[in-house]
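Residue numbers (this note's numbering), protein chains in the order written: chain A, 105 to 484; chain B, 105 to 484.
Errors might be hidden in some of the hints.
Because identical chains cannot be distinguished in the list, a pair is counted as satisfied if it fits within a single copy or across any two copies.
Unchecked claim - Pairs of lysine-lysine residues, derived as DSBU-like cross-links and limited to a Cα-Cα distance of at most 30 Å, are as follows:
1) 224 to 192
2) 178 to 443
3) 192 to 226
4) 199 to 226
5) 224 to 178
6) 443 to 470
7) 226 to 178
8) 443 to 347
9) 347 to 360
10) 224 to 364
11) 192 to 381
12) 224 to 443
13) 443 to 226
In short, the hints are calculated from the structure, not lab data.
Number of protein chains: 2
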Amino acid sequence: MLGGWRALRRCASLPRAVRLRVREALGAREPADAVRVQGWVRSVRSQKEVLFLHINDGSSLESLQVVADPSLEKRDLTFGSAVEVQGKLVKSPHKMQNMELQAETIHVVGPCDIWSFPLKMKERHPLEYIRQFPHLRCRSNALGALLRIRSEATAGIHSFFQDNGYVHIHTPIITSNDCEGAGELFQIETSRGAKESAEMTHFFNVPAFLTVSGQLHLEVMAGISYSEAVEILKQAPQTFTFKPEWGCDLQTEHEKYLVKHCGEVPVFVVNYPYDLKPFYMRDNEDGPQHTVAAVDLLVPGVGELCGGSLREERLPFLESRLQRLGLTDAYQWYLDLRKFGSVPHGGFGMGFERYLQYILGVDNIKDVIPFPRFSHSCLL
Amino acid sequence: MLGGWRALRRCASLPRAVRLRVREALGAREPADAVRVQGWVRSVRSQKEVLFLHINDGSSLESLQVVADPSLEKRDLTFGSAVEVQGKLVKSPHKMQNMELQAETIHVVGPCDIWSFPLKMKERHPLEYIRQFPHLRCRSNALGALLRIRSEATAGIHSFFQDNGYVHIHTPIITSNDCEGAGELFQIETSRGAKESAEMTHFFNVPAFLTVSGQLHLEVMAGISYSEAVEILKQAPQTFTFKPEWGCDLQTEHEKYLVKHCGEVPVFVVNYPYDLKPFYMRDNEDGPQHTVAAVDLLVPGVGELCGGSLREERLPFLESRLQRLGLTDAYQWYLDLRKFGSVPHGGFGMGFERYLQYILGVDNIKDVIPFPRFSHSCLL
Numbered sequence: 105m106l107g108g109w110r111a112l113r114r115c116a117s118l119p120r121a122v123r124l125r126v127r128e129a130l131g132a133r134e135p136a137d138a139v140r141v142q143g144w145v146r147s148v149r150s151q152k153e154v155l156f157l158h159i160n161d162g163s164s165l166e167s168l169q170v171v172a173d174p175s176l177e178k179r180d181l182t183f184g185s186a187v188e189v190q191g192k193l194v195k196s197p198h199k200m201q202n203m204e205l206q207a208e209t210i211h212v213v214g215p216c217d218i219w220s221f222p223l224k225m226k227e228r229h230p231l232e233y234i235r236q237f238p239h240l241r242c243r244s245n246a247l248g249a250l251l252r253i254r255s256e257a258t259a260g261i262h263s264f265f266q267d268n269g270y271v272h273i274h275t276p277i278i279t280s281n282d283c284e285g286a287g288e289l290f291q292i293e294t295s296r297g298a299k300e301s302a303e304m305t306h307f308f309n310v311p312a313f314l315t316v317s318g319q320l321h322l323e324v325m326a327g328i329s330y331s332e333a334v335e336i337l338k339q340a341p342q343t344f345t346f347k348p349e350w351g352c353d354l355q356t357e358h359e360k361y362l363v364k365h366c367g368e369v370p371v372f373v374v375n376y377p378y379d380l381k382p383f384y385m386r387d388n389e390d391g392p393q394h395t396v397a398a399v400d401l402l403v404p405g406v407g408e409l410c411g412g413s414l415r416e417e418r419l420p421f422l423e424s425r426l427q428r429l430g431l432t433d434a435y436q437w438y439l440d441l442r443k444f445g446s447v448p449h450g451g452f453g454m455g456f457e458r459y460l461q462y463i464l465g466v467d468n469i470k471d472v473i474p475f476p477r478f479s480h481s482c483l484l
Numbered sequence: 105m106l107g108g109w110r111a112l113r114r115c116a117s118l119p120r121a122v123r124l125r126v127r128e129a130l131g132a133r134e135p136a137d138a139v140r141v142q143g144w145v146r147s148v149r150s151q152k153e154v155l156f157l158h159i160n161d162g163s164s165l166e167s168l169q170v171v172a173d174p175s176l177e178k179r180d181l182t183f184g185s186a187v188e189v190q191g192k193l194v195k196s197p198h199k200m201q202n203m204e205l206q207a208e209t210i211h212v213v214g215p216c217d218i219w220s221f222p223l224k225m226k227e228r229h230p231l232e233y234i235r236q237f238p239h240l241r242c243r244s245n246a247l248g249a250l251l252r253i254r255s256e257a258t259a260g261i262h263s264f265f266q267d268n269g270y271v272h273i274h275t276p277i278i279t280s281n282d283c284e285g286a287g288e289l290f291q292i293e294t295s296r297g298a299k300e301s302a303e304m305t306h307f308f309n310v311p312a313f314l315t316v317s318g319q320l321h322l323e324v325m326a327g328i329s330y331s332e333a334v335e336i337l338k339q340a341p342q343t344f345t346f347k348p349e350w351g352c353d354l355q356t357e358h359e360k361y362l363v364k365h366c367g368e369v370p371v372f373v374v375n376y377p378y379d380l381k382p383f384y385m386r387d388n389e390d391g392p393q394h395t396v397a398a399v400d401l402l403v404p405g406v407g408e409l410c411g412g413s414l415r416e417e418r419l420p421f422l423e424s425r426l427q428r429l430g431l432t433d434a435y436q437w438y439l440d441l442r443k444f445g446s447v448p449h450g451g452f453g454m455g456f457e458r459y460l461q462y463i464l465g466v467d468n469i470k471d472v473i474p475f476p477r478f479s480h481s482c483l484l
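Using the sequences and the hints, build the whole thing.
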């Protein structure tokens, strides 16, 4: 399974009835005795009469307030330490929270060396700062929330496809060592990062029939085309670093202008130049500006969110293109798919991280990936 | 997204109302006019008065019977070709099926070169045979069904965790190029295939708190231990290729014997020798036979299905073990997790392919993986 499932472990020796997660405790309607909650200390405030703690176990943005007798305070009960608190869940007298925990015992399960701990109490650390600590930043509000949203977004996307009768296919992760020909070709062709290049190869490893999504149908209605886009860019009052010209790829600056031009709404661009796109895209057989049936979905703030195309299902077209590229032998299997009962088909890929950036308004893609890999950086 | 979604594309020019997938057509209760179904021809039987086709679109094990006038037969309407049939869905006079399609038009969307097509009509090909054609074997009954089951099993596992409040974390796929130290170490330590080794690294890339599952709780009740297992093996009436000895890893032959000894039921083996297992497993501090809190779940037919352990959450224990291995610098980040509020935690990994083998009774793991990679083979 490509992925893990994360949760705070409950104390194995306790009966289920007395376990409560912070999120459950916060949402509880009725007071309860003999409650045991585990979490990290987010704040400690010691007063003469009373000791206040806020604890958080990563299940919620909010923390549970713990009220205790000052005698329960100890040296290692610090910000960042992991504690297990047993007590009574009672209605809170404050409007800020529904419930609070009246502690009977506080056990420091794991102390925290606060002098070297890079996160500080009640401080709002910049994303750039916590990015340096990929193994600890999940304990911050921002990354904790991001991880929960990622999980929900993944589940939502999978449910959508499952509910619509799609079959989820697990495709291999090709390394250049395993599969030189194909792997290298796609890396060059897509000229994207390794992850997205791997996504591209999926198109090929799924034998034939990728989904044609609503996106591709929308294309028929919404596709404002590449040629039109270039015209819009040429007439733009602003100067671009890359001069817009038919036959050249759209740069991020162009994509952003197009989205702005259309009123900061998602924009489909269709029918890209034949010579710009890989061999597997369907020839539109048009002229004089020869194009293929490709589509990109551009969104505000991010640029390209989805890219897709109709695939060239016609054997003679594909054969002649592969022949010109000298790739007929390497792609014999791909030609086979056209030889033995081919059908018109298409598909699209969505950059899941870009989707998260778009819906959350996060500027840097590294902040929506739990363990980002980029040039000269493979931390952990 | 690591995976694709597969479905037969509907003809874009048709209104939704006249599209019907084979599975829907087979399950339909009411007759319907103007139905258009797409699929591959699984059989063609031409009689004097009537032409019978069976078509299948990969959505079901069953095929839809198409009844047509012999005048609709044409040269390229062969086994393996992709067709689009328009007609009336009517109650079938035969008990074998609920519905059949009375064809008005049959359009061969993609012909099939039957002379070179490796699958033959109505033939039950051995799994070993179709394994040679990873790009075409999804058109066989066995692999088609497997892909649908894989998809359902994945969804089921994900739903289970989601419903129980777990957060799905996407962990990176480390290549040895990106991250030599860690990658290579795990490869050596786990001495498993590349895929499972990648699974192992997930344990480390998820910052701290992997789930402790029901499996690990069951361990308390069901754990028949490693030491007991070795005793059982020593007293076994059969001779093993590898002599069972305390301190040596259990071989597949041993695992199979243990499962048989327990009456062909799933068996937990717990507390493996300290020196056999990686540094991150929790020291049981027992003696004279020093063990760690590790667990394996052995199942009939497959052997090890799940492996898990409690993690060493105690800083001094982990420090001294890493020091002895000379790995303190490489794993400073892992030590950090113990330094800043550690908690007792554990986790397990399940071999998803082994799980499929177990529930389906499939002997060869290559037949439960869409695109298997193994020594000297990286087809497609």
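Comparing the hints with the structure gives:
With identical chains, the CA atoms of residue 224 and residue 192 are at most 30 Å apart within one copy only, with a shortest distance of 29 Å there and 70 Å across copies. When the C-alpha separation of residue 178 and residue 443 is checked against a cutoff of 30 Å, the pair qualifies only between copies, where the shortest distance is 18 Å, while the shortest distance within a copy is 75 Å. In this assembly of identical chains, the alpha carbons of residue 192 and residue 226 lie at most 30 Å apart only when taken from the same copy (26 Å versus 69 Å across copies). Proximity of residue 199 and residue 226 under a CA criterion of 30 Å is satisfied intra-copy only: 20 Å inside one chain copy versus 72 Å between copies.
Proximity of residue 224 to residue 178 under the C-alpha cut-off of 30 Å is restricted to the intra-copy arrangement: shortest distance 19 Å within a copy versus 76 Å between copies. For the homomeric pair residue 443 and residue 470, the shortest alpha-carbon distance between copies (25 Å) is at most 30 Å, but the shortest distance inside one copy (43 Å) is not. Only within a single protomer do residue 226 and residue 178 lie at most 30 Å apart by alpha-carbon distance; the minimum there is 20 Å, versus 76 Å between protomers. For the identical chains of this complex, residue 443 and residue 347 are neighbours neither inside a copy (42 Å) nor across copies (54 Å), given an alpha-carbon limit of 30 Å.
Within a single copy, residue 347 and residue 360 get their C-alpha atoms as close as 14 Å, which meets the 30 Å cut-off; across copies the closest is 68 Å, which misses it. When the C-alpha separation of residue 224 and residue 364 is checked against a cutoff of 30 Å, the pair qualifies neither within a copy, at 40 Å, nor between copies, at 56 Å. Taking the shortest alpha-carbon separations for residue 192 and residue 381, neither the intra-copy value of 64 Å nor the inter-copy value of 42 Å comes in at or below 30 Å. Within a single copy, residue 224 and residue 443 get their C-alpha atoms only as close as 63 Å, which misses the 30 Å cut-off; across copies the closest is 15 Å, which meets it.
Proximity of residue 443 to residue 226 under the C-alpha cut-off of 30 Å is restricted to the inter-copy arrangement: shortest distance 20 Å between copies versus 64 Å within a copy.
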